[in-house]
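Below, each chain spelled out in residue letters.
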Amino acid sequence: MFLRNEWYVAGFSREFVERPVQRWLLGEPLVLYRSTSGRAVILEDRCPHRGAPLSSGEVCGESLACGYHGFTFDPSGTCIHIPGMTTIPARARVRSYTVIERWGWVFVWMGDANRADESRLPDYHWLADPGWVGGSEYLQVKANYGYVRDNLLDLTHARYVHRKTLGTAAVTDHPIRTETYGRGVRVTREMPGIEPSPFFKRMGGFTGRVDHRQRIDFTPPCHVVINTRVSSVAGSGENRSAEFYVLNALTPENERSTHYFWGLMRNFALGDESVTETQQTLNRETFFEDLAILEQQQVLLDCKPVDWKPVAIRNDGGCILAERLMDKLLAAEHDKKEQK
Amino acid sequence: MFLRNEWYVAGFSREFVERPVQRWLLGEPLVLYRSTSGRAVILEDRCPHRGAPLSSGEVCGESLACGYHGFTFDPSGTCIHIPGMTTIPARARVRSYTVIERWGWVFVWMGDANRADESRLPDYHWLADPGWVGGSEYLQVKANYGYVRDNLLDLTHARYVHRKTLGTAAVTDHPIRTETYGRGVRVTREMPGIEPSPFFKRMGGFTGRVDHRQRIDFTPPCHVVINTRVSSVAGSGENRSAEFYVLNALTPENERSTHYFWGLMRNFALGDESVTETQQTLNRETFFEDLAILEQQQVLLDCKPVDWKPVAIRNDGGCILAERLMDKLLAAEHDKKEQK
Amino acid sequence: MFLRNEWYVAGFSREFVERPVQRWLLGEPLVLYRSTSGRAVILEDRCPHRGAPLSSGEVCGESLACGYHGFTFDPSGTCIHIPGMTTIPARARVRSYTVIERWGWVFVWMGDANRADESRLPDYHWLADPGWVGGSEYLQVKANYGYVRDNLLDLTHARYVHRKTLGTAAVTDHPIRTETYGRGVRVTREMPGIEPSPFFKRMGGFTGRVDHRQRIDFTPPCHVVINTRVSSVAGSGENRSAEFYVLNALTPENERSTHYFWGLMRNFALGDESVTETQQTLNRETFFEDLAILEQQQVLLDCKPVDWKPVAIRNDGGCILAERLMDKLLAAEHDKKEQK
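Protein chains in written order, with the working numbering: chain W, 16 to 355; chain B, 16 to 355; chain L, 16 to 355.
In short, the hints are calculated from the structure, not lab data. Among these hints, one or two may not hold up.
With beta-carbon atoms standing in for the labels, derived distance ranges [unchecked claim]:
| # | chain 1 | residue 1 | chain 2 | residue 2 | range |
| --- | --- | --- | --- | --- | --- |
| 1 | W | E292 | L | K157 | 43 to 51 Å |
| 2 | B | K216 | W | D144 | 52 to 60 Å |
| 3 | L | K179 | W | E292 | 54 to 62 Å |
| 4 | W | Y153 | L | T51 | 36 to 44 Å |
| 5 | B | N269 | W | A105 | 32 to 40 Å |
| 6 | W | P320 | L | G150 | 32 to 40 Å |
| 7 | W | T293 | L | K179 | 55 to 63 Å |
| 8 | W | G150 | B | G150 | 27 to 35 Å |
| 9 | W | Y153 | B | R178 | 53 to 61 Å |
| 10 | B | R54 | L | R117 | 29 to 37 Å |
| 11 | B | I115 | L | R192 | 15 to 23 Å |
For glycine and all other residues, C-beta sits at the position ideal for the given N, C-alpha and C.
Excised from the complex, chain W in its bound form (with noise of 0.2 Å):
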């Protein structure tokens, strides 16, 4: 089903209050809040006296009391205070998740929290680097999270989905080079040349010709880091460069949906806010198109035939070696919950 023993986006730092809040990841109901010290917790969302949501409840200090019957619970998902009861029994405890809060947005360990592994957070540092600005954003997918991550590693669907915005014949005309890169898969393509993209002229200014390279870097569980660097050709009469960050945290919720957590960073204008509102609104537009051929693709594979196998071209190479390495480590994760 889904990696347990990995870093997932819960949400951004700014929907944890404290008022809680409850999300599904994973098939699972989490509630999310931020205690009176302002630590971001993650617990279970189901009591364990009679199955109501904590979710429906009070922040108390440190601590979650039940909306139902006031069964409190500290981070650590022990339950410490029953109303009308001195003694508490022992298996009155959630389950509580390691969090890791850093860059604004909030970072879920879903499996054995002894195994939580900080060195193995997805880099996003570009959210909170000063010579970086931008937003972040929701989105909610009704697609499988590879759906969404097939997407973003075959950037040559920008000529066909994103033909008004991003679209370029070039990124079909170019080939791909792809490697494994530290515990994941990177794409390169470089477009040396080329007449910039619509996005570009408006969003850098360009009007001459560019060199325009697109890295994308794929990490286990979920987590893709598009870099995109386009500057003026030598000799082209323009001196010019900019470079941007997507940052795409794609967060199952089930199997047929996805949390799609996203920023885009740039490190040009930086004092500009009328670009930033720009650049929010275009790739928000830009990923609503991609939304209709996700959600029929999640539809139409559902019903496959059983024989159907999708035909692999050479800008699937990305695609199918994250697959790979997902398959790989799913059947790893799952072997060792075997052997206990």
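Using the hints, position chains B and L against chain W.
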């Protein structure tokens, strides 16, 4: 699944009119109508001819004619007329259900008609007792009727779910007494000398301390009668007393949905319509607070881990006794069916 | 499930335009488009590359380019272009379906293209015959197409479902004659010297008694042609005659939903547009009355007891013959598939 040889509330008298109505009970489609002579009738809502709903048809005297091809059934479910036919096939009949109409509510026996036992009718006589006034209403709850029953059998939830209306810390500070009572279970909580809840302050005009007694009677399969009596503490300077009956019939629509018929009757301010309006409004709002939690319970327990078991505490005494009783009755009815 | 080697109506000619459209037939996703040269084309709507909908794409001449990565398919379903590729994998193809466009309707052969047999096209020629005028419309029915067929094969329902429009007691007072006819079933009812129905009073201007004949022809898999002829009784002082053809193509969307394409053609008042408007409006309202019952039948029969069997009467003669015929054809097609 469900106990069959029991009385359930099928609707209010005011819902049985000449125009037939479809209602699902225990997962089965029924048609409810009132015949020309005034009799409340309940039949299976599936014509034996082509499976069309009889509820699409018209009442003709005592009988009901299907709205598709005119097959006509009398209150016993026997087909008495088929247009264009002079003989009627023996198999042309629908199931009919024994009905008792009393106190403005309509009760239906969902099992073997020969065993329909009026002496087992649940007691809701306060609805039509001249010493009591109030009203009755309907609420659909998208949750199993057992969750609603448990909600009513443990009123400590009032402190959390209804903290703005019924809530008082006293409910968790005073223990309950649990006992078998009639065919069911009785839970009693005595709270002597407590601060009156916001509800009783407003409804009964209490200002000083009160003796507050809750008595909850559960009768299988789904009847819960709650009696609340509040009276001024001796020597408090006041001399008031007020009593309510909350009458709760939790008829399963199916495994995941409940027709919740409730009445609220009081023995004071008998002639004051505005008090009725206020009590109904407050109670309605109170039940909406429960609704949100009950429907979430259904969702969260539908996907509970295989080894999940509720943690029980002292206040669950009534719930546990009621659940055991229902399990025993269900097993007995199932065994009897197997023997046949 | 469904007969494959048969003609179904996929849509009206007016629905095949340059912008591709998704429509599900027999539980499968299809894309409908009209090529630049004017040809109506139907392909499987699932790109063999990644399962995206071809209907998200664009028509390019005779072909259709997928809206995700630009795979382009000709009307035979062969992939003729993949952006960035010089060779095309042999497996890159979608299923294509044989189409015949006639009388303003588009017919599709859902089985083996080699067996597509134009001589078996159902006869709906009245749609384009200069001696007849009328209109054709679409209705989605959330019920199995067999329930719609049965509705049309037993017109006695008019007396109940359509009592305000088509209804006349005569339909149940006069018996039907049932016979095999061509590949299908014919049901005839003669009603000499009856009072005209409200519909014929209004549409045909009849005031005195009439001879009314209904003739219903069912042709597998889902074609029902109803001819209604009304003429003044000899010696009634009137000398009028009017005839209608109701053309019904009941294409399964899936097991529980039907695309209902219907036409209504008359042989009188040929030049009067207002009569067309009136007849279409009346018929549309009439079909909405059926819709409510048909969709309830689906719900009620989905949960029927295991031993439930319909009670058959004389007027079901046509329904029963049609059902037996369909069962025989389905079994034969299934056997043929098994032998392969």
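How the hints compare with the structure:
Checked against the hint of 43 to 51 Å, the C-beta distance between E292/W and K157/L comes to roughly 44 Å, which is consistent with it. For K216/B and D144/W, the hinted distance range of 52 to 60 Å is satisfied, since their beta carbons lie about 58 Å from each other. Between K179/L and E292/W the CB atoms are about 59 Å apart, so this pair conforms to the stated range of 54 to 62 Å. A hinted range of 36 to 44 Å for the beta carbons of Y153/W and T51/L is consistent with their spacing of about 42 Å.
N269/B and A105/W have their C-beta atoms about 36 Å apart, which keeps the hinted 32 to 40 Å range intact. A hinted range of 32 to 40 Å holds for the C-beta pair P320/W and G150/L, which are about 38 Å apart. The beta-carbon spacing between T293/W and K179/L, approximately 60 Å, falls within the hinted interval of 55 to 63 Å. Between G150/W and G150/B the beta carbon distance is about 53 Å. The supplied range of 27 to 35 Å is therefore violated.
Checked against the hint of 53 to 61 Å, the pair Y153/W and R178/B fails, with Cβ atoms roughly 32 Å apart. Against the hinted window of 29 to 37 Å, the Cβ-Cβ separation of R54/B and R117/L comes to about 58 Å, which falls outside the hint. Between I115/B and R192/L the Cβ separation comes to about 50 Å, which falls outside the hinted range of 15 to 23 Å.
Violated hints, in rising order: 8, 9, 10 and 11; the structure is consistent with all others.
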